[in-house]
Each structure stands twice: as C-alpha cells, then as structure tokens.
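Asker: Given next are the chains, with one letter for each unit.
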Amino acid sequence: MIRPKKAVLFALSLLLAPAAARAAEVNLYTTREPGLMRPLTERFTTQTGIQVNTVFVQGGLAERLAAEGSRSRADVAMVVDVGNLMELVDRNLTQPVESAALTAAIPAHLRDPQGRWFALSTRARAIYASRERIPEAEAAKLTYEDLADPRFKGRVCIRSGQHPYNTALFSILMIEHGEGWLRDYLTKLKGNLARRATGGDREVARDILAGICDVGLANTYYAGLMLSGRGGEEQKRWGEAVRVVLPANETAVNISGGAVTRHAPNRAEAVRFLEFLASPEAQTIYADGNFENPVRPNTPVNEIVAGFGPVTPRNVSLPEVAARRAAASRIVDEVGFDR
Amino acid sequence: MHFPRPRRAGSIRLGAALSAALVALPVLALAIAAARGSGDLWPHLIRYVLPQAVLETALLLAGVGVVVVGVGTGTAWLVSCHRFPGRRVFSSALVLPLALPTYVSAYAWLDVMHPAGPVQSGLRALLGVTDPRAIPLPEIRSLPGCIMVMGSVLFPYVYLAARAAFLTQGADLLRAGRGLGAGGMRLFLSIGLPMAWPAIAAGASLALLETLNDVGAAEFLGVRTLTVSVYVTWITRSSLEGAAQIALMILALVAALVALEGWARSRARGAHAVREGARPDRRTLSPLAGLFAALFCALPVLLGFLVPVSYLVWAAWRRVAEFGLPPDLGAWIGNSALLSGAATLLVLPAALSLAAGARGDAMPDRRAMAGPLLLRASLMGYALPGGIAAVGLIVAFGGLDDLTERFGDWAPALSGTAAALILAYFVRFLAIPAGGLDAAYARIRPQMDWSARSMGAGRGRLLWRVHLPLLLPALSAAALLVFLDAMKELPATLLLRPFNRETLATALYAEAARGTYEEGAVAALALVVVGLPVIGLLVAGGRPKERPPKRMQRSESRP
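In the order they appear, the protein sequences are chains X and V.
Heads up, the first sequence is in UniProt numbering, so the first residue is 1 and it goes up one at a time.
Heads up, the second sequence is in UniProt numbering, so the first residue is 1 and it goes up one at a time.
Isolated chain X, as found in the complex (with noise of 0.2 angstroms):
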C-alpha cells in the first residue's frame, strides 16, 4: 500500500527537484542512451566524488538549451552527428574551454581550436555486404559509389536518407564530388533499394540475412553489438550475416562529441568531466562498451570491431561537413529518396 502521505512527499519533491541542496555536481544534456552514458557518469563519480545529474533527450536539445538561456543548469551537452554539435556552436550555445589535457588527448582535426566543441569517439560508415552473396574478393573491394552501380540493383538497403548517418555520409561525397554528382548519385542509389529508405542500421542486417537485399550502409558500432551477442543470439545471427566493409582510404567518419555550454554554472566540473571522457579509461568504455572508434591515439578499438579493419578516414574538415548536410538534405527530398 502507497500511503497518501508519503506520495504526496514524493510528489512534492519530484515538482521541487531543481531547487534541492546541491554537493559538487555536473549537469549533462545528452543525446547519448543511457546504456552507454551510465558506465561513463558512474566511473566518473567514483573517480571525483562529483555528482553527475543526466537528462537525455533526442530531438530539441539545442532548443532546450536556448530557452532556458543564462538560467539552464546544463554544463555539458553531448550529442551524435557532427551536424548536431555544430549547431550547438553555430546558435552560440556552448563556451571556449582551454585545456591542456583536451588538447594533448584529441586530435586537432577532431576538436575545434577555440575550445568550444570537442569530438569524444568516431563513428564510421560502412558497407555491409551478405558474406552468402558477395564474394569476399568483391566485397573488399567495395566503395560507397559502387552501391549506385546498376549490377546492384534491387540489392540496396539503407535506413532513412534523412536521418543524419545518411545525410553526414552524402555531404561527405558532395565535398569531394560536388552536388550535381551527388544528385545523380542518389538517384540512381534509389533505383537500386531492395525497400523504403526506413528502420534503422541493424535492419541493414537483418534484411541482409533474411535475402531481402545483398548489401547496405550502416555503422560500424552496429555490428559489434550484434556480434558481441549482448543483443541475444539472434541479433548474433543477423551480425554474422554480413561482412563489414570499411573502404580503404576514403571512409567516411562521422563524430559523437561534447561541449561546455554557453552558461554552465558549474564549468571547472564541466571541463573535468570532458577531460575525464577523453581519458584512457573513458575512451575504453566508448570502445568496449559501444564499439565506437576512440578519439584518443592508441586507445584499443574493441577486438570484433578490430575484426573490420582499419578505418582509414576520407580527408574531410567536420565544420564543412556540417555546412552541408542541409543542402544534401534537400537533395534527398529532390530525388524523392524516402518515398
């Protein structure tokens, strides 16, 4: 039995929460899960002794942070998609840190020079080919271009060519090869789905297995996690199903990362606490615990994600990538991608 008493206490301090007695503390809005974030936040508070207090959101963080302006308690804000975290710096959200440790950990092409954001893993694109229906020989030779070739037609799955995996990767080519190209590019990569652009990555897999298609785009990450059997054995068998292909020289790497927000009020714990996710362990837990590729050198990949190879990155400035993905995102509404 609940007694009124007590839930009314609860309910009172669930409305009154904000305004409780606060120890040393640091305050994330992330669109991180949970099931990544928690690992990294409980490390970090037994290293420190500071509290770590999460709100994770999806769509509407960078909103959220502009509402609340010089009054939001958030310090930190960590996000998925480059194109997700140059908005927090293009709509002046976040704030230049200085810090030996960022810099000397993180490479310069991943952080921005004044501070104001800073990559915490990589997270590449792959092809993910049917191990029963390509060849390996093929398969290794593989290219994000090639999947527009005609002898792959009705053998395509990708997820939505609007979500941000999608339009991150077609501002990547776009770069290199301009935006006509891009457009006949998706074209003709739309001629060859074997289904609705929809789901999400490990639907690539699964569909792979079940024949629907023979080969698709998705992350990296995807695959350990199947493979790793945490999904149970039947996402193993969607895992085994595929060969991930990371095309030499030219993949294409998107970033999770973070920033100190414009008004943190707790900024010296913000800096400590990106400083800390930069760190050896962190950047195990990002390896180990969500198969993403470290930032920091000579981190250790996870062994099965170690299994796909190399990443060897196409050579691309991230801010550019950003710039763009709104033009590639019209470039998929103008092919009628999604329909």
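Hints in this document: simulated from the structure, not taken from any laboratory.
Keep in mind that a hint or two might mislead.
[Unchecked claim] Covered, in the sense of this in silico footprint (three residues per stretch, anywhere, with C-beta under 8 angstroms from a C-beta of chain X), are these stretches of chain V:
hint	region
1	128–134
2	224–238
3	384–394
4	408–416
All values derive from a computational prediction rather than experimental measurement.
Cβ coordinates follow ideal geometry from the N, Cα and C atoms, glycine included.
Guided by the hints, dock chain V onto chain X, whose structure is given.
Answerer: Just chain V now, with coordinates in the frame of chain X:
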C-alpha cells in the same frame, strides 16, 4: 424564451479562458518562430515534398479512418446489441489495445513478421523451404502495414464511444425499429449508425489526430507523412522556423476540419436528442453468424493487442531471465504514474470549466460565442505533433521565465521542472476530457438547466449540484484516457523532464533509440501492465449497471 439572468459564476469563465490560454502558448511560440523564418523553404517543399507527403498523409488518414470506424463501430454494435459466444469477454478485450503506444506495436510487428522473425521462420520450417524469400507475406514497412498497425491500436477510441452510444441511447429506438421489422444490417444502417454518429465522429477524430501527429510508427514503417517532413525540416535541416511553418499549416487544416465537423454537428443537433434509457435488448445470433461475429471481434484484439503483447512478454522474459529486472523499474513506474496522475488531476477541472462555459454560452437565450470557441481552441494542443508542441512549450516557458525574472527572483523558474512537464501533458491532452464532457453535456436536456435556474440556482450551483453528478461517468472515462495517454506520451516527456527522471516511456525509448529495442521490452511491458487496471476501470465504468437508478441519466461516452 427569456429568463432573468442570474449573476454569472466568473470562475468558470476564468478557468476556461486560462485553460485555453495555456493551450495557446506553444502555438503562439511556434507562430513567432514561423514568422521569424523566411519563406524560402516553400518552393522546395511544394515542388518536392508536399505532393507526396500530402498524398501519403491523406491515404494513411483515410485508411486508418476506415479501419477505426469500421472495426470500432462494427464491434461495438455486435457486443451491445447481440448475443454470441464470447461476447462478454470481447466487450472488455476490445479496449485492451489502448494500453499500447503505436510505436511499440510497430516495433513488435516488424520483429514478428520479418523474414528472419518467428512467423516466417516457423512457416519455412513447417513447409520445409530454406529460401527466406520463398514466402511472399505482405511487408509491414509499407502504407498498408502502417494502416494495420495504427488502426488496430487506435480503434478502441471509436469502439468506446460507439458502445456507450448504443448502450445508453438507443434502446427505445432500436426496439421500435425491430417492431417495424427491421433487422440486422438494416437496423444498424438506418437506426444504429445515425444515432451513434456524433459519438463515432468524436472518437474517430481523436484516433485520426493521433495518426496525423504520429512520428514514431510512421517513420519506422517508412511512411513519409507531413509530420515526418516537419521533423526532417527541424532536425535534419536545423530549421525550427520552417518546421513551425509546416506544423502551423497542418494545424490550420485541422482547425478547418474541426470547424466543418462542428458545423455539421450543429446542423444535426436536433436529430439525436434521444431520450436515454435502458440497455437495448440483445438479439441472439445464429451459430454461424455468431461464429463470424466472434471472429470479427477477435481479429482486432489479436492484431492490436495479443500479437504485440505476446511478443513483448517473450522478449521481456528473455531479458529478465538473463539480466533480471531493471533495477530502476520501480522508479520508472513511480515517475510515470505520478506525472500522469498529476496531469489528470489538473486537466479535469479545466476541461469541466471549458465544457460548462461552452454550454452556458450555447443556451438558447444567449448568442455569445466565447465558450464554444474556447472549447474548440483546447483541441490545438492535441492537433500539433507532440515533439513540435514540446518545443513550442519549451520556448514559451523560457519566455515566461524571462518575464518573471524581470520582476525579481521570487518565482522559481518553470523550465526543467516536473511542473513544466505536467503542464505539457495538460496542453497535449486537454482535448480529450473537454471533448468528452462536451459530448456528455449535449445529452443533458436544457430544460434541466432552466428548471434549476428558475429556482434561483446560480451557475456554480447548477454545475455542482445538477451537471456534475450527470457528467460523472464521462468525467471518469476521460480521466482514465488522459492518464493512459500521458503514460504513453514520449516526445514532450523526453524533452521537458527534469534531471535524473526516467519514465517507462523514456526508458523504453532510450533502448529503442540505440537500436536495441528488445532491451526496452521490459519497460514496454510494464507500461502495458500498469495500463491494464486503468483499462479495467474504463471497461467497468462504460458498462451500465443492470438497474440504473431512475433519476440518473447515463452518459458515460468517450468524447
């Protein structure tokens, strides 16, 4: 006819005006955002996006509309006016799909029907084929698949409304119809359907607005609706201004449709001022017809509840067997129940003041339009896509906080508190009880008000002593629906909740977002299980007692 007007109870009007103002807040914020944007988005939208999006939206709405009206009305007619095997069970079971959020059903159905999933693997094993493409079952990731998934979850809105109408309004008419020799289909088409139509339309409009606003299920199943283009504009192209423009355009369309429906209803008003009375006589169906009736009732329960929930039970059981119950499950349930409960308590008096205000102003001796207008305005929150409404609110709350800050720091900021989230539920779901109470009010004859007034009762007393007892069944039904909807609500909950507070819906989404939606199965199942007693109350409340007290009129309709 003119009566001397007693002094008005100002609190009703004030309550109504405040409630409508609160609902208008996010719309206002969005309008400001939309006005800040340039119009340069539109040539692109008109050329490449809208034709397809409008078509898919229209087809989706038409499909879901046909399913919810057909299934909801058909099953309600069968269980209210006929006797057939399983009738009692179906009469309750047909409400069950309300416990499921549409996006959960969509995830579950894709898993169940996928070529690599249990159904097709089983069939292949049975038939001894190995090629996964050998069995050409229909694809769930399609417009028809989406219509099936959404229709089978949303039809209870119509079922509840139609059943209440058949049970409470029609006994005399139906008896007369039978006496004149009408039976079966003819009785249904010429008496049952016209009589229940306002209730059916109200239920269907809730189901259709939910379909229109849905982004989880539609996006996942590959249907590119207008709402999906709102999200693409906002999230992928970082243009809240553009997204607000499209959302307001949709809102204007909805407003036009609502006005049209209101006009049609006002023209038909005289037609269904039916005297309410006892339950209709149930006709016993022949064994064959009874079998068909049972099948017709079983199918939607199977599609909308049993299949997805069995899948959830199976997936949750596997999780729990391996990892145990999530340690925070209790907190998730507590947060969900508290937030939804608080929102329900807040929304009911507001809805009552809106409906009462609309009734007072619609009295024959008065021409004022403010009341009905405020009531219609309360629909706006329900007609906006949830995520966009949430952004509008967050901007509006930010503005309010700016304003209070100017007058010193005595008032705590609203943003980032549970109170903000409760207000968001208020804005989103006010339409449900407001519409329900309005419909119930329509069945209280104005003579009753006149008698009370002629005896000197003021408006407050009239509401408290005469109307409230009559509205109680509708009020409780609306409360339960608001509670269920708030529990299932996702976008506003995600965006507005305070630090370290997870609800069942956000916990479930956290896994789904990662692509590991099986791990969310425990939370999804808990959402269903917590909803079940609420649904039980809803079913019990909707069933007229065997011998209702003579002075009580039953009016427990869904809106």
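Asker: Decide, hint by hint, whether the structure agrees.
Answerer: Right, here's what the structure says about each hint:
Note: the region 128–134 of chain V has 3 residues with beta-carbon separation from chain X under 8 angstroms; the three-residue rule is met and the coverage holds. Proximity of the region 224–238 of chain V to chain X, defined as three or more residues with a beta carbon under 8 angstroms from a beta carbon of that chain, is established by the 8 residues found. Coverage of a stretch by a chain is defined here by at least three residues with a beta carbon nearer than 8 angstroms to that chain's beta carbons; for the region 384–394 of chain V and chain X the count is 4, and the condition holds. Requiring three or more residues with a Cβ within less than 8 angstroms of a Cβ of chain X, the coverage given for the region 408–416 of chain V holds, as 4 such residues are present.
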